[in-house]
Structures are given as C-alpha cells and as structure tokens.
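Participant: Below are the chains, spelled out letter by letter.
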Amino acid sequence: MKTQKDIDTNPEYKYGFSTDIENIRAPKGLNEDTIKFISNIKKEPKWMLEWRLKAFNRLQSLKEPNWQKPKYPKINYQDLYYYSAPKSASGKPKSLDEVDPKLIETYKKLGIPLQEQKKLSGIAVDAVFDSVSVATTFKEELTKKGIIFCPISEAIIKHPDLVKKYLGSVIPISDHYFATLNSAVFTDGSFVYIPPNTRCPMELSTYFRINASETGQFERTLIIADKGSYVSYLEGCTAPMRDENQLHAANVELIALDDAEIKYSTVQNWYPGDKDGVGGIYNFVTKRGACRGKNSKISWTQVETGSAITWKYPSCILQGDNSVGEFYSIAITNNHQKADTGTKMIHLGKNTKSKIISKGISAGYADNTYRGLVDINRKALNSRNYTQCDSLLIGNKCGAHTVPYIKNKNSSSTVEHEATTSKINEEQLFYCNQRGLNQEEAVSLIINGFCKEVLQQLPMEFAVEAQKLVGISLEGSVG
Amino acid sequence: MLEIKNLKASVNNRDILKGLNITIKPGELHAIMGPNGSGKSTLANVLSGKNGYEISGEIKYQGKDLIEISVDERAQKGIFLAFQYPIEIPGVNTNNFLKTVLNKVRKARGEQEIDTLSFLKIVKERLSELGIDEKMLSRQLNVGFSGGEKKKNEILQMKILDPNLSILDETDSGLDIDALKIIANGVNSSRDKKKSFLVITHYQRLLNYINPDFVHVLSDGKIIKSGCMELAEELEKTGYKKIN
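Quick note, the sequences are listed as chains A and B, same order. For the first sequence, the residue numbers in numbering that gives the first Met the number 0 are 0 to 478. For the second sequence, the residue numbers in numbering that gives the first Met the number 0 are 0 to 243.
It is worth saying that the hints were derived from the structure and are not from the lab. As the structure is a computational prediction, the values presented were derived from the model and not from experiment.
Derived contacts from chain A toward chain B, CB cut-off under 8 Å, selection only:
| no. | residue |
| --- | --- |
| 1 | Q427 |
| 2 | F429 |
| 3 | Y430 |
| 4 | Q433 |
| 5 | R434 |
| 6 | I445 |
| 7 | G448 |
Ideal Cβ positions, reconstructed from N, Cα and C, are used throughout, including at glycine.
Take the sequences, apply the hints, and build the full model.
Facilitator: Now the structure itself:
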C-alpha cells in the first residue's frame, strides 16, 4: 500500500524558479502615461499609440465580465506593472550571441535551447520574457521563403501594412473587457505571415515566460496564412511559483485566407498555485481565428494543465464557404485549480464544418467547466458540427460541468452533441496495478488513453512532453 | 512458492474465506474447483492484493509475508492474475501497454529495459505460439474484444511477463473449444520446475488439457477436499453437492 507520505510528496512545479535579473519597468498603474511609456519604449509609430489609446478610452466604458463559473477576488488594475523587461534586452540584441547569458540559461532550464549550435531541430522559437521577446531562432532560413516570424513589436515597425490590415480584425478593440485591456497595453508576442502557396517548413513556436512579480503579461499574437499556405504553430508557457496571483491576458488572432490552413497548439503550464490554492496565474485569454477564405481551415489544440484559473474559448469564425474549424482540448485541473474553457464555432459560410473534442479532467478540489457555442447562421447552408465532451472525475471533491449553447438557424445543417461524465475506474487501476504499474503510472496511463484523440493532434515533438505533463499534473490525486 | 495458512477474508463484515489452507511448491499446478459463491474469485483477488478485504491468517510467497505488500509490488515480484473479466481501457494501445508493463517488471527484476524492436520480436513469437492474430496488438486494450479475445490477451500477457506464480481466475469460462485449447497450450508451454500455477475453474474441461498435480474443492470459504485428477472427474459426474 502507498503510505500517506508517498502521496503527499508532490514533485514541485518544475518551472517554478525565478531569474534574478535587473528589470526596466513602467510605473505601476493603468493610465495613459503607462500606455505612452510602453509605446515609447518600443519605438512604435504614432498610429499604434493612437490605436492603443482608442482601446484605453473604450475600456473606461466596459465592465469586467462576471458570468464565468470560477470567481476570483477583485483585481486592482492600478496596483500592477504593465511593462517589465530585462534591462539587457532593452536595446534589442541583434543576434543570439548578444542575448544576456542569464536569459539563455533561463530558457535552457526550461528545456528551450536558444544558442545557435543547440537550437531545437525543425522548430523555430520566439522567446518572450515578461514584456519583451528576447530571441527568435531560424529567422534567416524562414526569410528565404518569404515567411515572417518575429516579435510583434518588431512587425509593427517593419511590416506596418500587414499589422494595420489585420491587427484587431478578428478581435475588435472593443470586443470585451480583457481583450480591450490587452489592446491598450499589450507588450509582446509573435507575428507570423506565411506568403501565398507556401508551406512553412518547420514548426513555429513561442515560449512565454512570466518572471517579474506584480506584473501582468499581455501577450499579443497575430498569425496570417495567405492563400494556399500552411503553418503549424505552438506556444508554451511557464511562470515562477509565487504566492500572488498574476494575470496573463492574451489576445491571439489567426487569419486564414483561401485554401490556407493554420494549426495552432498550446501546451499551457503556467504555475497552478500550491496545494491549498495559494498563488498561480489567472489565464484570461481571448483566442480567435477567422477562416476568411474559402476552403480554409483553422485547428486549435490545447493542453491546459497549469494556471489557478483558466478562462478561454479559442474560437473559429467560419466565413469562407467550405471552411473548417476544429477544437481539440484537454483541460486538467487538480488541487484548487479552476477552468472554464471551450470554444465558439460561428458558421457563416456554406458547407462549413466544425468539430469539437473536449476532455476535461478534475481531481482534488478542482472545478472544470466546458462551455461551448455552436452557432450556425441562416445562410450557412449544409453546415455540420460534431461535438464530443468527456469529463473524468478523480475523487469525490471535484466538479465537472458541461454547458453547450447550440443555435442552428437553418434546416439543412446538422449539429451533433455527445457528452459523458465518468469517474476514474477502480477496476482499471487494479488491472494496471496487477501488471506492475504503481498508482501514479496507472493513472497517467488511463488519463493518457482518455485524452488520446486530442494528444494525437499535437506535433510529434510535443506529444511526448504533453503526455508526461498529463501524468505529472495528476500526481498525488489518487490515494 | 506459496503457503497459505488459515486465511480468512471478509467484505463489509461478510465472511467469504473462512480458514483456507493450501501449499503450492515450485513446478506444481493446483486446480481449485467450487460452486458459485464459494470464494474462488475472492481468493484470486486476495492473493493479488486487491483493496477492500479484511484479511487475517498467513500468506507466504517465496518464504516472505505477502499481506502487507501492494498490488504492483506483488506483480513485480512475479505474481500474475489472469482476470475473469479483463477490463477495457480506452485509448491505450495494447502493444504499448504490453511493452510498458514488461519493462516495469524487467526493471524490478534488475533487467535492462527492452527496446521496441526486440520487444516486437518477442511478442510476435508468443502470438504465433499461441495462435493469436497479430491485429490484437494495434487495438485499444480489451476495447471491443470478444470474451475469447480478452482471455487470450490475458494468456498472452502471462507468457510475456513470465511470472513465477500464475493465478487463472475462471479463464476457461465461456470459451469455445478452440480458445480453450489456446489457453491450455499457453499454460502447458509455460510449465517448468520453477513455475507454479493456481487454476480456478468451475469445470473439468480445462483440466483435461492441463493435467493438474492437485485438485482442491472450495466450498463455503474452505478447502473441503483435495486429491488428484480423479477428484475433478468425480465432481463432473456427481456435482458439488455430494462432496462433503
């Protein structure tokens, strides 16, 4: 039998360290000066500052939403830093050799080697540290194909036409409180442009790291796949262990033109807080993709294991005829973690298809909600949706909820919804134990099986990592 | 190999095993027969270490007390239970499962982990020995398997893990004659001087193929009669009621 001690000794959150580095910060508080500070330090053109200020003005008339299941104490927006960057990164290093060794070391500890000689093969990485991008690998190789992969702060300066055309075109600046807040104060993130008829030859990925305390991270990512192009993009996230709750409010916009495809994968492993629910990241994120062209496709895959609260609905607006939207999700909540996540599939074009596969796992005292909207417009003839939501409960103190909203406004379209809720099966555990696997290995095996349809959507390089993460997140959850 | 003395087991204050004694030496194959509700499956569960039983008495395995040892450790030490109702585990590939558990057991035995290619070679050998279709490997573990396929998969696992003590819990129930032969073949080809077997069954059928060294009759939580193959034949003719 396992002793109580064995069960209690959770391995620490592996990425919980912080890097001691000198920072440049904007003064605390949310006001026009802060926005001007950010815009100024990033040497932004005037139109960008105006755009930000417009969003800030709009924010004054918006209220923080409160309809979500996980409640949280009121955030004091005036008591946050909106910009924090390592001093050494302020002058924008020109090559990887010039990046502060402390930062290189940090990413190395996170398993993301940035040095030229040790770069991850086949994956180009943009590394975002608090409010700035500190390095981007494989830039030249990509440039040869006409692919732009750079920090968004760089794109604003170098590719203003593309940014002006597409930024805010999927998530308008007045969209909702957090999206508008992001539009006003966003600091960095990635920008991707794939030219027509180009297949991006490698995985693009951004690794987000929160390091500084009392700081919100406002990531902004914009990905454009021009006609007939294809890109697979992955983001990873970690943060130090702290007693405070830190806010990560990102906006991610995807645009797929005619016959283009974007595959967007997330492995979200923000610090989840300790066993008693102290600390952890508030992950309040707006992710939305527009299948703007005909026959275009956007596929979201998310593995959400971290954060104190995860609140996000990566969505697809299926505008082009025959366009396809997909959402594959694993949300794991343990201890006192909470998640309210799902997707929105808005069918506007004819013959549009969407597929939703959601796997929610709750353990400890956690609470996990799937919330999803399927909205088939009157003119979206012959459209189809298939939704499958499976929830798995471990123990008897956690919760799982499924809240589907389905609107079908024409009679030629079909919507299918399947949902199951089950508990982890004692007989399955016994079977695995009898073959020699201990309790944690057995749980990991069964959960990975439960999540298989989603895990197999991940790019190969990350599938193995994600499988391990699924196991680790639930360690100690079965006594 | 296995020494059970005055074993008592109860669930929710209901006594199921009421002082059971049995000794199995290396190389021996013992059969336990008994009517429904006599405690056969409880015995299999208790030996493998399943939770939920109040236990007293003594179980010694290879000379060491077994009762305090967890299910997975017992398995790693070479105790294998072929389940009466093998459970389905969706999404888990059979081949991966076999490899994972074999490596776990090998590690416990102080052997090196086996690589994918050598593993595949072993599995394919075992499959062809047993006459099982290779397609089983690429399916999800027991998911959508017929009753016979599930039992064959148990025997395949037994062959691959190569345990010291195999407990077969009514593995023969509900099998057609061909599947029954595969099971018997699996047991017979594993028998040697060091391996022991405890075969739990309702019927003489399987025993005809595997020739047990001893046959015990379990009734109301106790062994009420022990003997050789003749005892099984007698039971088949007269039924359990006449034995006392």
